[in-house]
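J.: Chain G is fixed; fit chains Y and A with the ligands onto it per the hints.
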Amino acid sequence: MSVIPREEWDKYPDIEITLNVNGKDYKVKVKPYERLLDVLRYKLGFTGVKEGCGRGECGACVVLMDGKLVPSCLVLAVRANGSKVLTVEGLAPEGKLHAIQKALLDTYAVQCGFCFPGVILAIKALLDRNPNPTDEEIKDALSGQLCRCGSYLRFIKAVKLAAQYIREGKEYFDESGARG
Amino acid sequence: MVICIPRFNVYIPKDVSDALNALSQRKDLIPMGGGSDLLVLIRSGIVKADTVLDLWPLRKELAYIKRENGTVRIGALTTVSELCESDLIKDVRYAGLADVCKKFSTPFIRNIATVGGNVGAAHPLSDIALMLLVLNGKVKLLSKNGEREVNIAKFFKGKRRTVRNHDEIIAEVSFTETPPNSSTAFIKFDRRWGHAMGYVLVGAYMQLRDNIIKDVRIAFDSTGNPYPERVWTTEEFLKGKEFSDELIKQALNNVLPKEMKRITDYRASAEYRLDLSKVLLRRALLKIKSRIEGGG
Amino acid sequence: MSELPEYVRIVEEIFDKYKDKEFLYVGKRIQRWDAVEKIKGRVLFTADFAKYYRNAVFVYSVRTKYAHAKIKSIDISEAQRYPGVLRVITAKDIPGVNDVGYVIPDQPLLVSDKARYIGDIVALIVAEDPNVAKEAGELIKVDYEKLPVITDPLQVIDLRTLKEKEHPLIHEERGSDVVAHFKIRKGDVRKAFDEADVVVEGEYSTPFQEHAYMEPEAAIALPEADGGVTIIATTQCPFDVRKAVAKVLGVTQNKVRVIVPAVGGGFGGKEDVANELGAKAALAALMTGRPAVVIHSREESMIGHSKRHPMKAWYRHAAKRDGTLLGVEANIVFDTGAYASLGPFVAWRATVHATGPYRVEAARVDTLSVYTNNVYAGAFRGFGCPQVTFAIESQMDALAEELGMDPVDLRLKNILREGDRTVHGQLLTRDHGVGLEEAILKAVETSRWYEKRKLFSKQVGTLRKGIGIALLWHGNSIGVEGADYSSATLIINRDGSITFRVGLIDMGQGSQWGMVLIASEILGVPPSYFRVEQPDTAATPDSGPTVASRSTVMGGAAVVNAAYKLRQRLNKVASTLLGCDPDDVEIKAPDVYCRSNPEKKVSWSDVVEQSFWLGIPLQEFGYFRAPPAEWDEETGQGAPYITYTFGAIIAEVTVDLETGGVKVDRMVTAYDIGKVINRVGAELHAEGGAIQGLGYALMEEVVHNKDAYVMNANLSTYYIPTIHDVPDEIIPIFVEAKYRRGPFGAKGLGEPSINGIAPAIVNAVSHATGLRFHSIPLTPEKIYMALKKAGKTLF
Ligand SMILES: Cc1cc2nc3c(=O)[nH]c(=O)nc-3n(C[C@H](O)[C@H](O)[C@H](O)COP(=O)(O)OP(=O)(O)OC[C@H]3O[C@@H](n4cnc5c(N)ncnc54)[C@H](O)[C@@H]3O)c2cc1C
Ligand code: FES
Ligand code: FES
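Protein chains in written order, with the working numbering: chain G, 1 to 180; chain Y, 181 to 476; chain A, 477 to 1271.
Excised from the complex, chain G in its bound form:
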């Protein structure tokens, strides 16, 4: 590789994109090679989106983009232009917990918590299209969410509990009531 001369320094132009993240519109300048992950984390501050591998192998970075679960580490920011993104921060209103979050608390699933934002969104993607999943369907839906602390068995219980909450019409819970 040779030195890039000064005049070529701008060969990677800034591109302005618009994103709706958790219901709010953002205009942001990105580089062509930038990943949605980096824009969300470092330009917009949504650090609930985690980077565990950068290669689509761990599920820590997943977000819902236009309702679909995608690895934000393998989605270029320019491709996300104009899309609606949901991160864990936007799942429930201020002061509230979503039924999925409540169920994960009720099953005492939290350990280091690094995998949780991804796990939560993967569960959301599942329950959005399948309100009453079987064990096998839960495992399939979470097959890409690596949890090294090993909370997997609790995830399965939590998905069922969350499904039940939602069926009972309890989508949101008070955050304060959930503390130990």
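Be a bit skeptical, because a hint or two may be false.
To be verified - Here are the computed lysine-lysine pairs in the DSS-like style, where the Cα-Cα straight-line distance is at most 30 Å:
(1) A:Lys941 <-> Y:Lys469
(2) G:Lys29 <-> Y:Lys207
(3) G:Lys11 <-> Y:Lys194
(4) G:Lys160 <-> Y:Lys270
(5) G:Lys29 <-> G:Lys84
(6) Y:Lys282 <-> G:Lys160
As the list claims (entries may be wrong) - The following residues of chain A were derived to be distant from chain G, with all beta-carbon distances above 12 Å:
(7) Lys568
(8) Asp569
(9) Asn574
(10) Arg636
(11) Pro820
(12) Leu879
(13) Glu894
(14) Ser933
(15) Arg1045
(16) Asp1067
(17) Pro1104
Simulated from the structure, these hints should not be mistaken for lab results.
Note that the coordinates shown come from a computational prediction; the quantities given were computed from them, not determined experimentally.
For each residue, glycine too, the CB sits at the ideal point set by N, CA and C.
T.: Relative to chain G, chains Y and A with the ligands alone:
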């Protein structure tokens, strides 16, 4: 921004013709479907990209699953998820594609990975390409100068190398609907049950009439070359004969090993891969038989 | 008794006082303090802080091209000129000492004359854009002279003779590539084997295991006005990072401040590598005067931080016809890779545990730790025990088979019980808490062992079930590895809220929460009154490293001390308010009353306020130090650990005889951990340890090629268990044989939760297939090939 990845530029075309124009003018453009393969290769330094041609805007034209006039056509930019949610895979004849859906990576990769990209990747561990081989699929290539169709069995030239010319894009894959008394199966096996790459992948198609194998097509992730290929001699051996455990054993022990050369690498030995190929092929054929006979 | 230090007496007093009491918080399921924040995605991990620093610089590490090579020169000129590069740092720019070695100073931060493994760093590039830094990295020109590469520890040492072989030295400066050698010499081994009715012998091997914590390493350094630096880092040992960075920078330790935010998993892997990251960030911050960010990519993490030591071992067991163990012999070789890291300590712990939780009258054990050019090995949950436990428990099953005995019966015949002496001659008393037998019996009952063992033996067909057992033990805390102390601070604020500080970190295991529950119980104040402050060398006391399953036991004992003293003072104040004897005071915040007259109440905040006006200090520093361990270097006799955790694991598997595939169906894990403090944490450990152990048993292995490059430095080829791989059920059972000098009788569980998993699974596979296996990971291929050799396959 914080993790160091190689920099590159992106060209975002308006539509198919814009993309083809761009390709005809610039030699350095690398087409990208979902990017699930390409972006990882760029990150690892295996592919050096100056400018990536983002095909995603072409989904307006090239994301579809059509069944008309006895042909199934799948747009190259159809995602694996879209394929898996389609009615196509509910058809027992294409149950092998449903098998793929269960084993193809993870839900979020399926949401970005495209059918065209799976073929374009030209990698041994390409589940959909493998099934297209046994469905006798064709790959439609488009360029500014026109289009051509290539049988997928002639599409791969090497690891990550295909017959696609630089100025062409993969626009569609297609195959002829298979007869009613036929079905397909796909099996992947590895040491991990979830999110597996596969020591061995096998796909098979079989048509049975009165327990006679009217037609059969079988493909493996590799038979010697670093891309998926069919085992023609084994197919020939089985064709026209009555389906029986004995027949299959003969095929596996006497025919298959002659046309399959397996490699040893850090993941598995050649001997194990060959033996596993036999076991999995037998299971695939039994599965197809039971599917044809209504066993699901 | 009177010569016991006060801090031990207090722990014992509390133990006796609470022995038969109902607990309010301890042992109950209580939501951890940070669960809601974590689940809302609000908790910040180290890399997340980068979003706050707009003028940060990024540091990229240029690593060696060859695993073993002399470095003749490093030319940075072109990289230095690359547009956007602010600084290139090489060894000669280091102001202090160029070393980040943990136990021995053998590991340069930046190599200048020799590379010993592919993770060695030749230069750091500092730039505003990390991608620029990476591009510039390719312009660093290094003149290498390649040296022969050693990837197999048996190229260095002969497993049978234990003699160092002729080989190109990796650490010439040490004159030998044997880093450590530990021994046990006990009884008359020759006689034991001469008189034995049966002898079983086997060679065992275990792989490099990768921690694969979900959060890769990261550190951010901020330059301070006085030439010091503040570092945010993901580490298990903030005080060790401080020490290491101060050494590299050549400044005093008080100029380096280390803050540890939420940590996304550690498992032992975030010990020494954090020294490296902290030092890299600190150097860049001080040289540029700007915040400096270091974040390892997953690929970098996998080649650049320590692994679990692979083991090669030769074992021989002698027994009488009735199953009584007569003697054990073992030659154990650990591959510590290019640097010692915690290798010597790992080898020592392995040696201590090398004969298992059994009565052994005659033993000879030699454990050697040797250098190779592989990625260096260090601490990993279990710390040498999972390796030897695999060998021992495989041997025990082989012995049972040889004797025609049931594996459980054979074990029951030989296990350590109260009143027995360990192989080191340590007498196990009631005060230690020895609950192994109870653990075995409970596991056997819950799993329906005898019934299934029989039933599964009669199967036919392709899918075969098997059931297997393994026992384990685990010395608590660090033993002779270092000074074993701990401390914690409790501060009751003016409004009655409580600030809790400890220098032990939470990497997900939740042990800080256990400590809060201890304080809650003693003070009589619910956990919701507490705020856990993250470890910060500027605020939290040095509590030693967060390793060796020591948090609950050691940290907890320090908390007992602090809470005890505060409670005494509070009782006095309350007694004057209420007019009863201090011993009569009951605190159940928000209420405070006398047991003799519960009707009359004052409030917790009244007592706090009153203490303030009376000038009674409401902050307390608790300290605890373990009694010194005893260990004779030549014989391995003494009392190596304060106490032991025990356990019995039973695994049920289904094996596919045609493919060699294994599915673990069910696991029962019974642990004697003394008093259960944090019940949720204990259960999660039992599950998490079982799953990580399952990975170790069946799939995980970092593979080096002959040039010592890692072949699978990512998470699709380095397999860890997914949700599809876990058993349908993991049943945790806890037996409470209490340790008198632990808080309320607690012992540790962090590490032991992985020790016995692999052998239990492998023994179950043996039961299913009728074949014995000697190496993990027990991949489908290994099972299939063994079946094929035995003529048990289809084709
Ligand atoms: C974690 C992970 C797991 C995976 N697991 C599996 C698995 O289980 N099974 C499997 O089969 N694959 C797997 N893959 C590989 C990959 O996801 C698939 O091959 C996928 O189908 C590729 O599609 P894509 O659209 O993302 O391709 P891209 O990455 O966009 O492209 C792949 C290649 O095809 C070319 N290309 C793509 N589209 C076109 C087009 N329309 N015209 C011309 N050229 C084109 C590109 O230039 C590139 O060379 C995995 C990948 C990852 C990261
Ligand atoms: S960071 Fe995107 S999948 Fe791991
Ligand atoms: S809780 Fe730590 S990785 Fe899942």
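J.: Each of the hints needs a verdict: does it hold here or not?
T.: Right, here's what the structure says about each hint:
Using a Cα cut-off of 30 Å, the hinted pair lysine 941 (chain A) and lysine 469 (chain Y) holds, with the two alpha carbons roughly 28 Å apart. For the hint pairing lysine 29 (chain G) with lysine 207 (chain Y), the CA-to-CA distance comes to about 28 Å; that is within 30 Å, so the pair holds. Distance check on the hinted pair: lysine 11 (chain G) and lysine 194 (chain Y) sit about 21 Å apart at the alpha-carbon level, within 30 Å; holds. Restraint check for lysine 160 (chain G) and lysine 270 (chain Y): satisfied, since their Cα atoms lie roughly 26 Å apart, inside the 30 Å limit.
Under the criterion of a C-alpha separation no larger than 30 Å, the hint pairing lysine 29 (chain G) with lysine 84 (chain G) is consistent with the structure, at around 17 Å. With a C-alpha separation of about 21 Å, the suggested pair lysine 282 (chain Y) and lysine 160 (chain G) falls inside the 30 Å cut-off, and the hint holds. Chain G leaves lysine 568 (chain A) outside its interface by the beta-carbon criterion, the shortest separation being 24 Å against a cut-off of 12 Å. Every Cβ of chain G is farther than 12 Å from the Cβ of aspartate 569 (chain A); the closest lies at roughly 22 Å, confirming the non-interface assignment.
Remark: the non-interface label on asparagine 574 (chain A) is consistent with the geometry, its nearest Cβ contact in chain G lying 29 Å away (cut-off 12 Å). No Cβ of chain G comes within 12 Å of the Cβ of arginine 636 (chain A); the nearest lies about 37 Å off, and the non-interface call holds. With 12 Å as the threshold on Cβ separation, the claim that proline 820 (chain A) sits away from chain G holds: the shortest Cβ distance comes to roughly 27 Å. With a least beta-carbon separation of about 36 Å from chain G, leucine 879 (chain A) lies farther than 12 Å from that chain, consistent with its non-interface assignment.
Against chain G, the non-interface label of glutamate 894 (chain A) holds: every CB pair exceeds 12 Å, the least being about 32 Å. No Cβ of chain G approaches the Cβ of serine 933 (chain A) within 12 Å, the least distance being about 29 Å, so the stated non-interface status holds. For arginine 1045 (chain A), the non-interface assignment is confirmed: its Cβ lies about 27 Å from the closest Cβ of chain G, beyond the 12 Å cut-off. Residue placement check: aspartate 1067 (chain A) keeps its beta carbon more than 12 Å from all beta carbons of chain G (closest about 20 Å).
Distance check for proline 1104 (chain A) against chain G: the nearest CB is about 34 Å away, which clears 12 Å, and the non-interface claim stands.
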